[in-house]
Amino acid sequence: MWTFIHKLGSPPWFFGFSGTLVRWLLPITVILLLVGAVWGLLVAPPDFRQGNSYRIIYIHVPAAVVALAGYYVMAFAGAVSLIWRIKMADVTMRAAAPVGAVLTAIALVTGAIWGKPTWGTWWVWDARITSMLILLFLYLGVVALFEAYENKTAAARACAVLSLVGMVNIPIIYKSVDWWYSLHQPASIKFTGESAIDSSMLYPLLLMIVAFYCLFTVTLLLNMRAELVWTHRASGWLKQLVGDS
Amino acid sequence: MYFESLSAMWHMDGHGFYVWLAYALTLLPLVIMIWLPLKRIRQHWRWLEAEQRRTAAATQTPAMGSDV
Amino acid sequence: MTSPADVANPLLFFFMVITLFPLGLGPDPARLATLAPGILWVVALLASLMVSAKLFASDFEDGSLEQLALAPYPLAVTALAEVSAHWLATGFLLSLVSPMFAVMLGLPETGLATLLISLLLGTVCLTLIGALGSALTVNIRRGGLLLSLLIIPLNVPVLIFGTTAVREAVLGGNPESWLALLAGLALGSLVVVPLAIGAALRVSLDS
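Protein chains in written order, with my numbering: chain A, 9 to 253; chain B, 11 to 78; chain C, 798 to 1004.
Treat the hints as calculated values from the structure; they're not laboratory data. Just so you know, even glycine gets a beta-carbon here, dropped at the ideal spot from N, CA and C. Treat the hints with caution; some may be incorrect.
To be verified - Partial list, derived from the structure: chain A residues whose beta carbon lies under 10 Å from chain C:
1. Leu144
2. Asn159
3. Ser208
4. Met209
All chains should be modelled from the sequences, with the hints used to inform the complete structure.
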């Protein structure tokens, strides 16, 4: 396994590996997304209390879950970059940030749209939405910090430090927002309560979560490939590949 | 299929606007997120191919004389 | 080093911005009293942001930061020393004067001691995180605003714990668990954040 991770650090090996992976994963992702969306939109029964508006859950929850996971991918790549000075880890981190930010924004927007028919307002400061908003700020901070540095190698290391601090902070933030919310709300009203979800609704949700994970991976790999093709344009291995194509 | 007709599917008992809006606003960024890097890779690849053709041409034809 | 203005200005900022709230919200004492814990804490956070930008700036400009980086001590330790000195001149003093402004906002007396303690503990965290932001942005042009964007999300837990502690005290409840959380955050930050500051300073010096 260590040799595999070692090989990932080599741009030409990674480029070849990711090319094959993307060729399979992209169509799989599209299929999973389509099947999941159709299942959730058209096949699954409506919710007893919320009616058909609950169907937004099939994009809101997967986006939110993968957005949070994406931050950990980014921070982990940053840690690898800082500790072992592996350039490919920098590339991974840089590729993950905008994907995670977009997914967080999607989670927030879909959450707001879901809120309107459910609670009557476009925005409610409940624990999950508020935590998502802070996650968005954390992502945007990493992106802004990267853009602000002229020296991009230093930029990557700065972002690695920042995302690591963010990663440590995220559980604390989520927990504190949770407590903040429960302190200010009377116990009888719960905007996003935990309720048992029926299996006819659970399976399409799980499928969509898997689909979004695949989507994140595909987008991450594509972003990394795009960067490699440009930054390594003078290197022999890439020229060889282009010449052979 | 839960819905009985196409118009029922569109309407979703009054919630259609929200559901379809949410799905559309999700689909759009996802498509863009996949299309943008693919486009970049294609562009750079073509640039590299052109670059290789240029260097190949340059090495094959010796430099033109000054009598042109 | 630290001029009298560097010490007085943040306190003056704190004072003036607090005044904006009655002006903006209306002088109704009951409403101000309800909002007081949040107002005091948010303004303290903003004041901390303002002073953080300058933390490493002068050392960076005159080259003394590079000297410190070459010293045999780990940069994290040096950073901790600088941050402590900075805290004494800013957050510490701000905490001490806060009861006075709390009274102006009508915070009940039961909350004053908790406010003081919560700010003492909280400003330790705020100063450390602010220093991290400063270390990350010291070599960037117009890095001041970026600094705020970076560290505001990281300060959310401190804000929540601090205001909740004060509110608990005002309501006659038990703020001790919230103060304990603040103390835990402060201790944790004292151990972890200087390491990040050291790493960030190296990045800025190398860039």
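Hints versus structure:
Evaluation of the Leu144 (chain A) hint against chain C yields a held restraint, the C-beta minimum of about 9 Å falling below 10 Å. Against a cut-off of 10 Å between C-beta atoms, the interface hint on Asn159 (chain A) holds, since the closest Cβ of chain C lies about 4 Å away. Annotation: interface hint on Ser208 (chain A) violated; nearest CB of chain C at approximately 38 Å, more than 10 Å. Taking 10 Å as the C-beta cut-off, the interface hint given for Met209 (chain A) is violated, the closest approach to chain C being about 32 Å.
Checked against the numbered hints given earlier, the structure breaks hints 3, 4 and satisfies all the rest.
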